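Participant: Since the structure of chain L is already known, use the hints to place chain V on it.
Quick mapping for you: the protein sequence lines, in order, are chains L and V.
Last residue of the first sequence: number 83 in the UniProt record's numbering, and the count goes up by one each step with no gaps.
Last residue of the second sequence: number 83 in the UniProt record's numbering, and the count goes up by one each step with no gaps.
One should not assume that every hint holds.
[Said to hold, decoys possible] Derived pair list, reagent style DSS-like, types lysine-lysine, alpha-carbon separation capped at 30 Å:
| # | chain 1 | residue 1 | chain 2 | residue 2 |
| --- | --- | --- | --- | --- |
| 1 | L | K60 | L | K42 |
| 2 | V | K42 | L | K13 |
| 3 | V | K13 | L | K16 |
| 4 | L | K16 | L | K68 |
| 5 | V | K68 | L | K68 |
| 6 | L | K68 | L | K42 |
| 7 | V | K50 | V | K68 |
| 8 | V | K16 | L | K13 |
| 9 | L | K16 | L | K60 |
| 10 | L | K16 | L | K42 |
| 11 | L | K42 | V | K16 |
| 12 | V | K13 | L | K13 |
[To be verified] According to the in silico footprint, chain V covers these stretches of chain L (three or more CB under 8 Å from chain V):
| # | segment |
| --- | --- |
| 13 | 47-61 |
| 14 | 68-80 |
If you're looking for bench data, these hints aren't it; they were derived computationally from the structure.
No experiment lies behind these values; they were computed from the predicted model shown.
Even for Gly, the Cβ is constructed at its ideal location relative to N, Cα and C.
Residues per chain, in single letters:
Number of protein chains: 2
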Amino acid sequence: MVAILLQAAEGVKAAKGCHLYVVCQDATNPDTIWVFETWDSKEDHDNSLKLPGTPEMIAKAMPLIDGKPEGTPLVVAGGLGLF
Amino acid sequence: MVAILLQAAEGVKAAKGCHLYVVCQDATNPDTIWVFETWDSKEDHDNSLKLPGTPEMIAKAMPLIDGKPEGTPLVVAGGLGLF
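Next up, chain L with everything else stripped away, as it sits in the complex (with noise of 0.2 Å):
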């Protein structure tokens, strides 16, 4: 899964307004993986889904998954990496 993840990395470096997209392992839960993301909107990130092979990687990804994705919007209020 982790490898996946790095791959989507990797493609959204193509993507418009992805500043980041950080892939961690839970260090209690090895199991649990987080994948923090800053986008410059919405929009930009689900453009991001069309991209050339980013549903091959979905449809590879999903069935590794117990249950469903979990997901917290934020909004950035500022700090210290962001650009």
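Facilitator: Relative to chain L, chain V alone:
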């Protein structure tokens, strides 16, 4: 609270080993604040807590927090925007 954490984000620029310190508000629950941080080591992170001004910032923030701050230690696998 966001303002204090953004001040902390400025402060960690002087800290050894900090690459990301991103302050976010939960889009659904704006009273919930998320900070995504990446460090070269836990030691670097712990040392940053002793930087001049940091204890005072923590003291200012703690009364604003409802209950205990939660944290999820992660292991970075890789991705876009890390360095």
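Participant: Which hint numbers doesn't this structure obey?
Facilitator: Violated: hints 11, 13.
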